[in-house]
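Protein sequences appear in the order of chains A and B. Using our numbering, read the first sequence as starting at 385 and increasing by one per residue. Using our numbering, read the second sequence as starting at 385 and increasing by one per residue.
Take these hints with a grain of salt, some might be off.
The list treats identical chains as interchangeable, and a pair is accepted whether it falls inside one copy or across any two copies.
Claimed, not checked - Cross-link-like lysine to aspartate or glutamate pairs, in silico, DMTMM-like; alpha carbons within 25 Å at most:
1) Lys417 <-> Asp467
2) Lys417 <-> Asp462
3) Lys410 <-> Glu447
4) Lys435 <-> Asp470
5) Lys435 <-> Asp462
6) Lys386 <-> Asp470
Since the hints were derived computationally from the structure, they do not count as laboratory data. Source: prediction; values computed, not measured.
Protein chains: 2
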Amino acid sequence: MKDEHIELFIESVVSVFGTMLGCEVKRKEPYLKDGSQATCEVSGVISLSGKAKGTVVLSLEREVALCATEALLMQRPDGINADVTDAIGELTNMIAGSAKAKLEEYELSVGLPNVVTGSGHCINFPTESPPVCIPFECEWGTVVVEVGLVVDPPQGTESQAV
Amino acid sequence: MKDEHIELFIESVVSVFGTMLGCEVKRKEPYLKDGSQATCEVSGVISLSGKAKGTVVLSLEREVALCATEALLMQRPDGINADVTDAIGELTNMIAGSAKAKLEEYELSVGLPNVVTGSGHCINFPTESPPVCIPFECEWGTVVVEVGLVVDPPQGTESQAV
């Protein structure tokens, strides 16, 4: 991961949380993920592919997931239900989409978001694509964005539609 | 999900487990996933995008994940470690790649696999892409493949690299 890519994802998170949720997030220091760290209770996972391949994970504490859904739908969900997983999937999609727009040279397409729930789950990236974790704090709690991006060699065809 | 697509994924699982792991799997009856069902302890997740978009999840009981890794690497792993997550990611990649080759008309590209670990995790698909779950039994235990695939309208451009 290049430093400028990390900055792009930070800008995307700040902008999507500010614009869509009216929520100010403060970035903390990014770090490299060691496989054993569990992520938060609710994680949106989305894939990027094109001239680079990668994954963006938006991992939220339970309370952040509930408050973010409430801000989007104007109604407090009863618990972690389909409204929450769809809302967090859509947030992940917006963050990945916003970063994708700034990474034009890789001609990225964004997959469908899946949302993993359950306390203590851990999302492992392939060894060749170690993720950078970017933590944020907001009034609702902690948000961590994990990004792993691998830029293919120019002649690589594996990531192209064939 | 069309019935013929479900058949393609069944063929892919049978063929990859047979060829790569020397393990015969027996298919059980597919069912639609209701969001509340937890998946097994180790799940490989991979994204498909192109003229259709979707996700393939290969969910394995702990013992199946350990035995499959042992069959691939010729060495028994001590527990769910990076060898196991890389091996299960690669298996998921092979199953998705094998199905992709048979779905030429959608010009699919396959993303990088991520592997979710932790008992009781649940992988939620977007509401517009409800997954079909295909359970299999093998000598090591239970394997479930979950597939959600959304075919875009012909004029859709969202899934194209732009």
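Tested hints:
no., hint, verdict
1, Lys417 <-> Asp467, "between (29 Å within a copy, 16 Å between copies)"
2, Lys417 <-> Asp462, "between (32 Å within a copy, 21 Å between copies)"
3, Lys410 <-> Glu447, "within (17 Å within a copy, 42 Å between copies)"
4, Lys435 <-> Asp470, "between (28 Å within a copy, 22 Å between copies)"
5, Lys435 <-> Asp462, "neither (41 Å within a copy, 36 Å between copies)"
6, Lys386 <-> Asp470, "between (30 Å within a copy, 23 Å between copies)"
In terms of the numbered hints stated before, the structure departs from hint 5 and from no other.
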